[in-house]
Structure formats: structure tokens, C-alpha cells
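Residue numbers (the numbering used here), protein chains in the order written: chain A, 235 to 538; chain B, 510 to 977; chain C, 22 to 299.
Be aware that one or more of the hints could be misleading.
As the list claims (entries may be wrong) - Below are the PhoX-like pairs computed for lysine-lysine, each with C-alpha atoms no more than 25 Å apart in a straight line:
#1 Lys829(B) / Lys88(C)
#2 Lys592(B) / Lys921(B)
#3 Lys645(B) / Lys684(B)
#4 Lys88(C) / Lys339(A)
#5 Lys100(C) / Lys645(B)
To be verified - One-sided and incomplete, this derived list gives chain B residues near chain A with beta-carbon spacing under 10 Å:
#6 Thr630
#7 Ser635
#8 Pro648
#9 Val658
#10 Arg750
#11 Gln754
#12 Tyr776
#13 Asp912
#14 Ser920
#15 Lys921
#16 Glu956
#17 Thr959
To be verified - If you anchor each label on the Cβ, the simulated ranges turn out as follows:
#18 Ala80(C) / Met911(B): 22 to 32 Å
#19 Val384(A) / Asn28(C): 24 to 34 Å
#20 Leu130(C) / Lys341(A): 47 to 57 Å
#21 Asp429(A) / Val83(C): 32 to 42 Å
#22 Asp429(A) / Ile279(C): 52 to 62 Å
#23 Asp429(A) / Tyr37(C): 42 to 52 Å
#24 Asp580(B) / Val83(C): 55 to 65 Å
#25 Ala441(A) / Lys286(C): 48 to 58 Å
#26 Val713(B) / Tyr37(C): 54 to 64 Å
#27 Ile197(C) / Ala441(A): 32 to 42 Å
#28 Val83(C) / Thr613(B): 27 to 37 Å
Think of the hints as simulated: they come from the structure by calculation, not from any bench. All values reported here derive from a predicted model rather than from experimental measurement. Note that CB positions come from ideal geometry on N, CA and C, so glycine has one too.
Each chain is listed here by its residues.
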Amino acid sequence: MNTPITRSARKRKMRQNLVAYSFIAPNFIGFAVFTLGPIILAFIMAFTEWDGNNPMKFVGVDNFTNLFTNDRFTSALKNTIVYSIFTVPLTLIMALGLAILLNQKIKARTFFRTVTFFPYVASLVAVAAVWNMLFSPSKGGLMNQLLMNVFHTDPLKWAASPKTVMLTIILFSIWKNMGYYMVIYLAGLQGISEDLYEAAALDGAGAFQKFRYVTLPQLKPTTFFVTIMLTISCFKIYDIVYMLAGGSNGVVNKNAIVLVYYVYEEAFRNWKLGSASAAALVLFVIVLIVTLIQFRGEKNYAND
Amino acid sequence: MKKRLISMLMGVTLVVTSLAGCGEGGAQTPAQPAQTETPAQTEAPAADTTADAPAADTTADAPAADTAAADEPVTIKWALWDKDSTVYYQPLIDGYTAAHPNVTIEMVDLGSTDYQTVLGTQLSGSDCDFDVVTIKDVPGLVTLANKGVLEPLDSLIAQDGIDLSVYSGITDQVKVSDVLYELPFRRDIWVLFYNKDVFDKAGVDYPTNDMTWEQYDELARKITDTTPGAEVYGAHYHTWRSTIQLMGILDGKHTIVDGTYDFTKPYYEMVLAQQKDGVCMDYATLKTQGLHYSAAFYQGNVGMLNMGSWFIPTLISKIKDGEGAAAANWGIVKYPHAQGVEPGSTLATVTALAIPTSAPNKDVAWDFVKFVSGAEGAEIMAGTGNTPAMSNEAINSKIAEMDGFPTDAASKEALTASHAYLEMPANEKSSEIETVLNEQHDNIMNEVSTVDEAIEEMNTGVQAILAQ
Amino acid sequence: MKSKTHNRILRSVIVYALLFLLAFVMLIPFVWMISASLKLNKDIFMIPYEWITKDPRWANYVDIWTKIPLATYALNTAKLTLIVTVLQILTSSFAAYAFAKLHFRGRNLLFLAYISTIAVPWQVYMVPQFMFMRRLGLADTHLAIIILQAFSAFGVFLMRQFYEGIPDSLCEAARIDGMSEYGIYAKIMLPLSKPALSTLTIFTFVNTWNDFLGPLIYLTTDSKKTLQIGIRMFISQYSAEYGLIMAASVISLIPVLIVFMSLQKYFVAGITTGAVKG
């Protein structure tokens with residue numbers, strides 16, 4: 235069996251593996267010890283009752299059955315999904331549009347790029363304060379003035395009404411985060427070879443066709459990244475909701491509650507870490523499914 | 510494969526370490542080598558701290574914990590918030606260390622906004638080296654007590670013969686399953702702040718220490734001016750549920766953890782009508798705008814503000830530095846009361862000290878807690894313009910004499926409460942009940958639900974929690 | 022010919038109109054921050070909002086340094102941010118190379134493990150992680166923050182996606198020339214990935230610089246605290262000094278903007294094309 239060829243092949247394979255592992259090790263060891271470990275523990279916690287101090291008590295799937303009978307959790311799940319379905323594609327389109335716009339040779343490009351990134355880095359308090367001024371539920375708010383005087387419709391109560399609160403949160407987060415994803419797209423655009431555009435131009439392609447047949451396909455790895463990161467961050471939305479829709483004593487009510495807010499509430503208000511972990515595990519599974527679907531899509535273009 | 514193994518091992522190690530760190534059993538697990546910090550793991554089981562002599566507690570390397578004999582230097586760590594903006598921490602420490610020069614007290618500032626989260630995390634497991642922790646509110650106390658990280662104080666209190674009656678009943682309201690885990694050192698009561706200038710301008714008499722809610726409502730409406738651009742608000746309610754919902758518990762017939770909330774209805778209806786008529790600012794706007802109640806009061810166009818006595822020192826200092834100039838002419842009166850109820854019933858919040866079960870220097874910690882919550886501490890608190898938990902005539906006089914406190918007799922008298930009901934009495938489920946109540950308060954004030962619908966939701970929601 | 026220039030002019034008019042609208046919408050919070058930082062607390066949340074204060078309070082910019090040890094906090098933050106960013110860049114780009122260009126057992130599974138952990142909210146494993154770190158004696162140390170931030174899955178994912186866009190043929194050619202994998206990483210991949218490295222630097226810098234909850238939980242000694250904790254100190258139990266918060270936030274934004282502006286120059290079309298042509 236052990237012909238010299240297979241043995242050397244196997245040896246080479248092993249060498250290859252070792253080299254690869256050596257690349258991964260510095261990051262992976264830190265990651266595994268300090269992040270992956272606690273996460274695995276958190277998933278074990280989902281099947282226990284634990285307050286962070288007293289001994290853990292295994293309760294099987296009780297945490298999960300309780301979750302799905304708790305209407306704060308089911309509302310959170312529903313709101314998070316609705317939020318993500320709208321926010322992911324809209325942010326992606328805005329970010330790509332901005333990146334293409336700001337990748338052109340325009341004057342004061344640095345200025346415009348920085349400005350676009352700004353709401354992402356500015357203090358959330360400031361950004362939310364400005365937003366609340368524009369989208370104030372009173373008739374004096376700028377958007378309501380616009381609605382009444384230009385569109386002749388009734389003023390909206392925005393974040394103060396159960397009908398429009400999610401809309402307000404979605405608009406806000408697109409505005410705040412599109413600059414972030416624009417940066418990723420900008421970096422991605424730099425990887426596209428000028429030759430491809432030249433070749434397309436020779437074939438008589440117009441601006442739209444260049445975009446359709448060169449830019450978009452070349453940006454696939456970036457889009458994969460952006461889609462996954464966006465999906466994950468949308469499912470993890472938390473502080474925006476708290477800032478915009480926190481009511482009495484900061485409690486977010488069922489119309490706007492999201493998953494991570496629920497996790498926070500269970501973990502640090504009620505100290506039910508088991509139940510919090512169970513909610514996080516549900517979130518994890520949803521995101522994992524979405525990621526796996528994306529992953530399947532990615533295989534098609536992998537350049538081997 | 511190897512990596513997967515490592516991560517599996519990691520998980521297991523974590524389970525072991527965290528479980529080993531769990532509570533009192535810790536002393537029985539010598540297999541745990543990771544004793545890196547704190548030389549003296551005084552892991553005396555909580556229940557054993559009873560009357561037996563301090564010597565029993567003192568392990569070989571613990572600093573001589575017997576306070577009487579102790580001259581050896583001890584440093585204790587005190588977890589608190591707002592170290593730099595709270596005026597009484599340092600005087601309290603100075604007061605204590607003057608008599609105990611061997612003790613150093615180190616303040617650990619965990620921040621105000623997330624205090625409960627940080628404290629709860631720090632106290633998880635048994636490695637925490639805090640000796641004294643400040644307890645911000647009752648839900649916070651209950652969660653920590655349920656976690657079993659606080660030392661029960663009953664036996665220590667019995668042993669030292671501490672008279673709890675000076676706390677006028679608070680200590681009974683903060684017992685968790687009949688065990689006392691904290692000793693209060695600060696108690697704030699709710700009063701009605703008012704701006705005398707607003708009343709003068711409207712030519713209306715000032716509020717008094719004996720007003721019914723109907724009279725209060727009438728007064729608020731009298732001084733209100735809804736002229737756009739020059740609004741005067743008769744009343745102001747901050748977005749907390751306590752500003753409205755808890756008016757209902759002051760007749761002493763209901764508590765907020767009962768499970769039925771129909772008694773809140775008249776108060777919600779009163780405030781909703783005020784909101785509709787422009788007597789107070791709109792809740793939805795306040796909520797999104799994030800306007801702080803103090804900023805609202807400093808505008809000078811708010812007639813009456815129901816708020817805790819904690820606002821007194823802040824208001825005085827802000828008037829001094831000019832920001833509160835438009836409210837410089839202020840006064841306080843007692844909370845209004847329901848028809849047929851003795852005036853002076855009000856809401857209270859307490860700030861208290863507790864000792865973690867993991868505290869390295871429990872005896873010194875207890876001695877310090879006794880000092881801060883006792884008569885000497887109360888004296889120091891009052892000297893800084895803050896209301897100590899131990900309330901009596903002398904203390905109230907001291908506060909009323911403070912520079913900047915209103916000089917009228919009614920304001921001084923307002924500091925005395927006939928009955929003080931905690932905003933949230935201790936209950937196993939405090940924090941979950943709180944969520945339901947806050948949620949429905951928001952729904953009512955935003956006019957998303959009618960008062961009846963929201964009360965129905967509160968009743969079913971809280972009853973479900975209590976039944977768990 | 023004429024209509025073509027016409028078109029071009031029309032096009033740039035539209036582009037610039039769009040750009041100015043964009044700049045306006047994105048800049049409002051910045052203008053708000055600056056104007057709020059020059060106000061008394063009570064005036065900040067008043068409606069109608071006064072964009073230009075009649076009586077600017079420059080004192081806010083002095084008070085933030087004296088009321089709390091902001092300079093110490095800023096230094097701590099700078100130290101942490103620099104170390105984390107360097108570690109993150111090194112370890113992530115290194116690991117990403119293996120995920121993108123090498124074949125080894127368990128590659129996809131491992132990669133998926135990386136990505137999916139990003140989806141787990143920190144709140145849920147914060148407590149066990151903290152207990153574990155404290156057992157290691159890392160509570161209240163800067164090292165804890167560095168460890169938490171430096172080995173993120175995010176960086177690996179970002180770099181891996183960028184490397185995916187670089188043709189394999191480049192690596193193959195180098196391998197045939199006898200270059201080791203380490204050599205390919207250092208001499209070919211790194212120089213080619215400047216835009217991605219810039220992106221990762223910007224993001225890591227911003228995240229570490231603005232991180233709040235991590236330092237809050239771990240750092241309890243005053244001298245070790247960070248800028249973001251300092252800013253929150255102006256929000257106390259009974260009042261919130263928004264004038265000071267905004268002044269400190271404006272100051273804390275400056276390094277972030279400098280980093281962004283100096284690195285965005287690597288987002289220039291065509292800098293990589295020459296090399297990729299290979």
C-alpha cells in the first residue's frame with residue numbers, strides 16, 4: 235500500500251496543512267481561548283438555569299419553550315426580522331451607490347468620503363438627538379412640516395407610534411451605517427483591474443453595461459462580506475433601538491423590542507443567563523442559516 | 510481536529526472554573542489552583558457569620574479583622590458610582606478614617622448608567638474583591654440577593670444591637686424573603702418643586718403642604734398658559750412611570766407589586782387630560798427629545814415638578830452657577846394626597862450599603878457600613894445637603910439651613926414625610942414586574958392604548974409573572 | 022461634439038448636487054455636536070434649536086480636562102487602540118491568507134466557525150468570559166481589553182474576502198518560482214491589499230477607540246480607564262452634562278477623522294492594477 239508516491243503525497247499534504255495552520259494559529263488561538271470558549275459555554279448555558287453565581291441547573295429545553303410563549307420574545311423576533319429584511323438590501327444599495335459615486339474623480343473627494351463616514355463614528359447621542367429633532371413626533375418637527383406643507387398629509391408620530399416606530403428605526407440605521415459599508419465597497423472597487431473596463435469599452439459597453447458586467451461580478455467577494463456582516467449586525471441591532479424608542483425608564487416596549495435588547499434585559503435586568511443564552515442561540519441559528527445560504531452562493535464564483 | 514480539541518477543552522475548563530467559583534462550596538474545591546489574587550480567601554459560609562467570635566473567621570493571613578484590636582493597615586474597596594460628582598463619599602470616608610487611621614477606603618467607580626450591569630458581573634463567581642457595595646435600587650438589591658452574593662445582615666444587626674426603628678420602616682420594605690441584606694444610608698422622598706415666579710406672574714397662591722390631587726390639578730391649570738411661543742406649563746412629569754403611576758399607592762391601600770392596577774386609573778386620566786390641554790409637555794415629545802427634568806425646570810416656564818429630594822442639592826448648585834437662574838425662586842411642598850388621606854404620604858427611594866459574600870475584609874466592611882448608615886454618617890450626609898436614611902427633626906433642620914435652600918416654613922416642613930412608600934418594594938420578581946409596568950406606562954402616555962386596555966395588560970402581565 | 026460636452030456638464034452638475042445634498046444630510050450631526058458643545062446643558066434640548074449660539078461657552082472645552090482626568094483616559098485609549106490595531110492587522114491578514122489561498126483540512130468548517138461567532142451577541146457570553154479572565158488575573162488590566170479586541174473574527178473575514186479577489190494564478194506563479202507561502206504573503210499579498218488593510222485599520226481603530234462596555238466591565242481603577250468611560254462620567258445619576266459630553270465627543274472624534282482621512286487615500290482606483298496584471 236505504502237508506495238513511495240502516496241507516502242510523499244501524504245507527507246506533502248501534511249506539510250501543507252501545517253503551513254496553513256501556522257498562518258491561522260496566532261489569531262485562532264487567541265480567538266478560540268477568549269471568544270470561542272466562552273461562546274460554547276454560553277450555548278451550554280442555554281439549557282440551564284443560571285444567575286451567574288449559584289450552581290447551574292440543567293433544565294433541558296425549558297428555556298426555549300418559555301421563550302416562544304413569551305410575547306416580548308416573539309415580538310422581538312418578529313421586529314428583528316422585519317427590520318433586517320428592509321435594512322439589509324436598502325443599506326447595501328445605498329452603500330454601493332455611494333461608493334461608486336465617491337470613487338469617481340471628483341473635487342474634494344476626501345471631504346465627501348469623510349463626511350459620509352461621519353454618522354457612523356459620531357457619538358450616538360448626537361446622531362440620535364439630531365434625528366429626533368428632524369423626526370420629532372410634534373407638528374413642529376422638520377419631517378412633519380414637510381409632510382404637512384409639501385405632501386399635504388397628516389403628521390406622523392414617528393418613533394412614538396407603534397405603526398411608524400420600526401420605519402423610523404430602519405431609516406435611521408440606513409443613514410447611520412451606509413457610510414461604513416461604503417468604505418468596504420470603496421476598498422473592493424480598488425481591486426477591479428482597469429483593464430477589464432478598457433476591454434469592456436472596446437466591446438462598446440456603456441456605463442450601465444460596465445457596471446452590470448464588470449463592476450458587479452468583480453465585487454462579488456465584497457458583496458458576500460457586506461451581506462453577511464450587514465445581516466449579522468442587523469440581527470444584533472440594539473443601541474439604536476434603545477436610543478430612539480426607549481420609553482419609561484428606558485424600557486423598550488413590544489412595538490420596537492429587538493432580540494439583543496431582549497437578551498440584555500434577561501441577562502442584566504433579570505439575571506436569567508440561561509434564558510438570555512437561549513434567545514441568543516435562536517438568533518445564532520437564524521443567522522447561521524442565512525450565512526450558509528450565502529456560502530452556497532459564494533462557491534459558484536470561487537476562482538478555482 | 511487539534512483546534513477543535515483545544516476549544517472543547519476550553520469550554521470544559523470554563524465550566525469547571527465557573528462552577529467552582531459558584532457560591533459557598535468554593536472552599537471545598539482545593540483542586541482549583543488558580544488562586545492568583547487575594548491572599549485571604551475568607552470563604553466562611555455565609556450562614557456561619559453569626560454570633561461566633563470574630564477569631565473564628567480570621568484565617569491565618571487575613572488582616573486582624575477584629576475591629577477593636579486592629580491596628581494593622583487594611584484597605585477596603587467600596588463600589589459606587591459618580592465618584593467625582595457625588596459630594597458625600599469623601600466626607601464619609603474622612604469621617605470614618607479619622608477614627609480608624611489604619612483603614613484606607615478605596616472607591617471603585619463603576620459608573621452610574623450601567624452600574625447594575627457592571628456590579629452584577631463583578632460579583633459573579635467568588636473572586637470579587639469588593640468589601641462594600643452600594644445598592645442603587647430595590648430591583649438591583651433583589652437580583653443580587655437572589656444570586657446569593659450578598660451577606661445577610663440580620664445576625665450582625667442583632668449582635669451589635671442596632672436599632673432599625675430609626676429608618677422609619679424602610680428596612681422592612683427592603684427585606685428579600687425576610688432577610689435584610691442592606692443597610693440604607695440615603696433616603697430621598699418625593700416632593701413637589703415649584704417656581705414661585707410662575708405663580709406670582711399668574712397671580713395665583715403658592716401650593717401648600719396640604720393639597721388634594723384635585724386641588725393640585727386645578728392649580729396646575731390656573732397657571733398654565735398655552736400661547737404658542739410663550740407657553741407656561743402648570744406641571745411637568747418626567748418620562749418615568751413613577752411620576753404618575755405611583756401617585757396611586759400613596760393612600761396606603763395598594764402596592765405596586767399587587768398584581769392589580771385599577772387604582773392607577775384616576776391619576777392617568779388626570780395627567781392625560783393635562784397633556785391634552787397643554788398643562789404639561791407631551792410625553793411623546795419629551796421621550797424622543799430626551800429632555801432632562803432639570804433642564805425643563807431651569808427654563809423657568811414650568812410651574813410644578815414632582816421629583817425626588819435628590820434634586821435639591823443639584824438645583825441649588827445649578828442656581829449658583831447661573832444655569833438655573835430662571836428657577837432661582839423655588840420652593841417645595843409635600844406631595845399632594847388623595848381625598849381623606851393624611852397629608853405627607855410620599856414615595857421614597859433608598860440608597861444602601863451591602864457586603865458581598867466574597868468580601869476579603871468583612872468585619873471592617875461591616876464596621877464601615879454601620880458608620881455610614883448610623884448617626885454619624887447621617888450627620889455628614891445632611892451636612893452635604895443630602896437626605897440620610899435616618900430621618901429626624903435635627904437632620905431636616907440641618908438641610909433646611911443649607912445655603913440656597915428656600916427660606917419659607919412650608920419648604921422646611923415638606924422634608925418631613927408621614928408615610929414613605931418605596932417606589933418598588935422588594936419582591937422576588939421586582940425587575941420583571943418593572944418591565945411590564947414601564948411598558949404599559951409608555952403605551953398609555955403615548956396614547957397607544959387606552960388606560961383601561963393598559964391596566965388590563967398590567968394586571969394579566971404581572972399576575973403571570975407572580976404566578977411563575 | 023457639443024452635445025457631448027453639454028452632457029458632461031449636466032452630469033457633473035447632477036453629481037455635485039447629489040454630493041452636496043449628501044454632505045448636508047451627513048454633516049448635520051457634526052454641526053449639532055459642535056453647537057451643543059458650546060452650550061449650557063439646559064439649552065441643548067430646547068426647541069426650536071439654536072444652531073449658532075449667541076453666547077458660546079468655550080469653557081466647556083476647558084472643563085472637560087479639569088473635571089475628570091480626561092488626558093489620562095485619552096492616553097490609555099490611544100495606547101490600547103494602537104496595540105489592538107497592530108495585532109488585529111497582523112494576525113487577521115495572516116490567518117486570512119490561509120483561508121483564501123491555502124487548502125487544508127477543516128478549512129470551511131473553521132471559517133464558518135469564525136463567521137458565525139460574530140453573530141453571537143457579546144452580552145450573552147460576557148459574564149463567563151469575565152469570570153474566566155479574572156481567574157487568569159486579567160481583571161482590571163489593559164491586557165484584557167487587548168485580548169478581547171485583537172483576535173476578532175471580523176478582521177479575518179474582511180481580509181479573506183479581499184484576498185479572494187486576487188487571482189490564484191499570482192500565487193501559483195510565485196510557488197513555481199520557489200517562493201514559500203510566507204514569502205508570497207509578505208511580498209505579494211500584503212502590498213496588494215493596501216485598500217483592505219486600510220479598511221481594517223479604520224474599522225479596528227474606530228471600534229477600539231469607541232468601545233465602551235468592554236473597558237467599563239473590565240477596568241475599575243481610575244488610572245486605567247478610557248476616553249469613552251470618561252465621557253459617560255458626565256452622565257451622572259441625577260444630571261447629564263450634555264454640553265461637556267459633546268465637547269469631549271468632538272475632541273475624541275479628531276483622531277478618528279485623522280486616521281480616516283489619511284488612510285482613505287489608498288482607496289484610489291488603479292493602484293493595484295499594475296501588479297495584478299502579473
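* Asked: What hints, given by number in increasing order, does this structure fail?
  -> 2, 4, 5, 12, 13, 14, 15, 17, 21, 22, 23, 24 and 25
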